[in-house]
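S.K.: Take a look at the letters that make up each chain.
Protein chains: 2
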Amino acid sequence: MVLYIIGLGLGSEKDITVKGLEAVKKSDKIYLEAYTSILGVNKAALEEYYGHEILEADRDTVEQEADAILEAAQTSVVSFLVVGDPFGATTHTDLVLRARQKGVKVEVIHNASIMNAIGAAGLQLYNYGQTVSIPFWTDSWKPDSFYDKIAQNKAIGLHTLCLLDIKVKEQSVENLCRGRKIYEPPRFMTVNQCIEQLAESEEERKGGICTPDTMCVGVARIGQADQVIVSGTLSELADVDFGAPLHSFIICGNMHELELDYIQHYRVKLS
Amino acid sequence: MVLYIIGLGLGSEKDITVKGLEAVKKSDKIYLEAYTSILGVNKAALEEYYGHEILEADRDTVEQEADAILEAAQTSVVSFLVVGDPFGATTHTDLVLRARQKGVKVEVIHNASIMNAIGAAGLQLYNYGQTVSIPFWTDSWKPDSFYDKIAQNKAIGLHTLCLLDIKVKEQSVENLCRGRKIYEPPRFMTVNQCIEQLAESEEERKGGICTPDTMCVGVARIGQADQVIVSGTLSELADVDFGAPLHSFIICGNMHELELDYIQHYRVKLS
Numbered sequence: 001m002v003l004y005i006i007g008l009g010l011g012s013e014k015d016i017t018v019k020g021l022e023a024v025k026k027s028d029k030i031y032l033e034a035y036t037s038i039l040g041v042n043k044a045a046l047e048e049y050y051g052h053e054i055l056e057a058d059r060d061t062v063e064q065e066a067d068a069i070l071e072a073a074q075t076s077v078v079s080f081l082v083v084g085d086p087f088g089a090t091t092h093t094d095l096v097l098r099a100r101q102k103g104v105k106v107e108v109i110h111n112a113s114i115m116n117a118i119g120a121a122g123l124q125l126y127n128y129g130q131t132v133s134i135p136f137w138t139d140s141w142k143p144d145s146f147y148d149k150i151a152q153n154k155a156i157g158l159h160t161l162c163l164l165d166i167k168v169k170e171q172s173v174e175n176l177c178r179g180r181k182i183y184e185p186p187r188f189m190t191v192n193q194c195i196e197q198l199a200e201s202e203e204e205r206k207g208g209i210c211t212p213d214t215m216c217v218g219v220a221r222i223g224q225a226d227q228v229i230v231s232g233t234l235s236e237l238a239d240v241d242f243g244a245p246l247h248s249f250i251i252c253g254n255m256h257e258l259e260l261d262y263i264q265h266y267r268v269k270l271s
Numbered sequence: 001m002v003l004y005i006i007g008l009g010l011g012s013e014k015d016i017t018v019k020g021l022e023a024v025k026k027s028d029k030i031y032l033e034a035y036t037s038i039l040g041v042n043k044a045a046l047e048e049y050y051g052h053e054i055l056e057a058d059r060d061t062v063e064q065e066a067d068a069i070l071e072a073a074q075t076s077v078v079s080f081l082v083v084g085d086p087f088g089a090t091t092h093t094d095l096v097l098r099a100r101q102k103g104v105k106v107e108v109i110h111n112a113s114i115m116n117a118i119g120a121a122g123l124q125l126y127n128y129g130q131t132v133s134i135p136f137w138t139d140s141w142k143p144d145s146f147y148d149k150i151a152q153n154k155a156i157g158l159h160t161l162c163l164l165d166i167k168v169k170e171q172s173v174e175n176l177c178r179g180r181k182i183y184e185p186p187r188f189m190t191v192n193q194c195i196e197q198l199a200e201s202e203e204e205r206k207g208g209i210c211t212p213d214t215m216c217v218g219v220a221r222i223g224q225a226d227q228v229i230v231s232g233t234l235s236e237l238a239d240v241d242f243g244a245p246l247h248s249f250i251i252c253g254n255m256h257e258l259e260l261d262y263i264q265h266y267r268v269k270l271s
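Which chain is which? The protein sequence lines are A and B, in order. Per the working numbering, numbering through the first sequence is continuous, rising by one, with the last residue being 271. Per the working numbering, numbering through the second sequence is continuous, rising by one, with the last residue being 271.
Derived by calculation from the structure, the hints in this document are not laboratory data. Don't take every hint at face value.
Stated by the list, open to error - Residues from chain B shown here face chain A by an in silico Cβ test under 8 angstroms; the list is partial: (1) Gly-7; (2) Leu-10; (3) Lys-14; (4) Thr-90; (5) Thr-91; (6) Ser-113; (7) Ser-172; (8) Asn-254; (9) His-265; (10) Val-268; (11) Leu-270.
Note that CB positions come from ideal geometry on N, CA and C, so glycine has one too.
Turn these sequences into a full structure, and let the hints guide you.
M.R.: So this is what it looks like as structure tokens:
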């Protein structure tokens, strides 16, 4: 019949569009993709609002059971719910591609995602360069390709949006080796952890890209009722508590007058 | 009381979020910003769906009557509707800023905009550089700063989203001089007009940025039921008819495997 791929937006159960809600209501099966982002409400709240059970789809489900999802969509109405917009993550593009190859009808219902809602921080979207991902470092694994991308953006005066890592359904090395499906609690990178890694990269690379004086904006829970936006230098923001996830981070490029006015209102209050 | 700034998304009256619709329903006054983008349905369709009159706000209204809008929001519930997301255009950021200065409570309700829904074309959002605007040229006015920006993006392998010009409520020079409020019919730049201007800039600049062989994607009415996505070289797309507005255009940077697979499905059919 049809596979609806529906963006849920960023906040609560009521951030779905009217069109999206209508699609959900007529669905036989509803999947919720739950590993690239999180909503401000949990699955139970969505189930109550929709009046329908939701199957949680972790990375394994989507990548390995895509065929099962698509087969169901051949004979019934299936909704695949995504926090933000459906095209925020590579996996969903891949799902659309597979659907098309199998001849499954797909309807995409768009919504806000961090990629456009970050406009709420007051920096104009067309003044951003490429978006970077900041991965959780370990003691022995410290990839820093984000540094080069931030540098490329800065060189032409552009802001950089940093998306901070999420670890959901991680297994410890021991559990992984023993094949035990025991998972660690989910982890969401904070603005503070991001700043630490940026500062360490700067120390290593010495390109003057993320110095203590670099102007930045930290944001949390954008699009939710309790969203937080705080601007300041990298060192000023290092210890600011942004609260619950998700956090994102902006490294400012050249600032235009309206942008300066705007973020001044969000300037960190130093004690 | 409160000023709701509500994104309408990109398609029909049902692309508003449930939260947005609830805000509209309790509003005393509703403005629709009608000069930076257009929806797939007209104002009358929105009025019927909301059961409430809508005041059209052109550029003059928003920039000159912002105070009146904000004053109304001090004593009543006012909704300011924006096609796409509220932070897609500078004017709305300015409105939020003025509201904050006046102590008017603002609630922003996000939605999809071309800046994230362009993901539907299959190129990953984090592989895009800065977004450029392509303005309508005249015989004597041919600004081409977009060329440098596309070149900057290309130099680091990134795609460029081109937003195509919209002219709403234009006055002819004669009517302007005589102070006659007579307006020209609205104009929306087509993919074809965009390609013409890109080709002319290339001829002028000779940077090898938009040659006849440059891979591109033209899109129209993204997020609407009849959206069109066609990929091909600049010269292949030159005469493709994309139909009704709005059109947008992508100049591809380096292509990743999944991206190539995806846009292959949208490859132009040459006769």
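S.K.: Now tell me if each hint is right for this structure.
M.R.: A quick look at each hint next to the structure:
no.	hint	in the structure
1	Gly-7	7 angstroms, holds
2	Leu-10	6 angstroms, holds
3	Lys-14	4 angstroms, holds
4	Thr-90	6 angstroms, holds
5	Thr-91	10 angstroms, violated
6	Ser-113	5 angstroms, holds
7	Ser-172	29 angstroms, violated
8	Asn-254	12 angstroms, violated
9	His-265	6 angstroms, holds
10	Val-268	17 angstroms, violated
11	Leu-270	21 angstroms, violated
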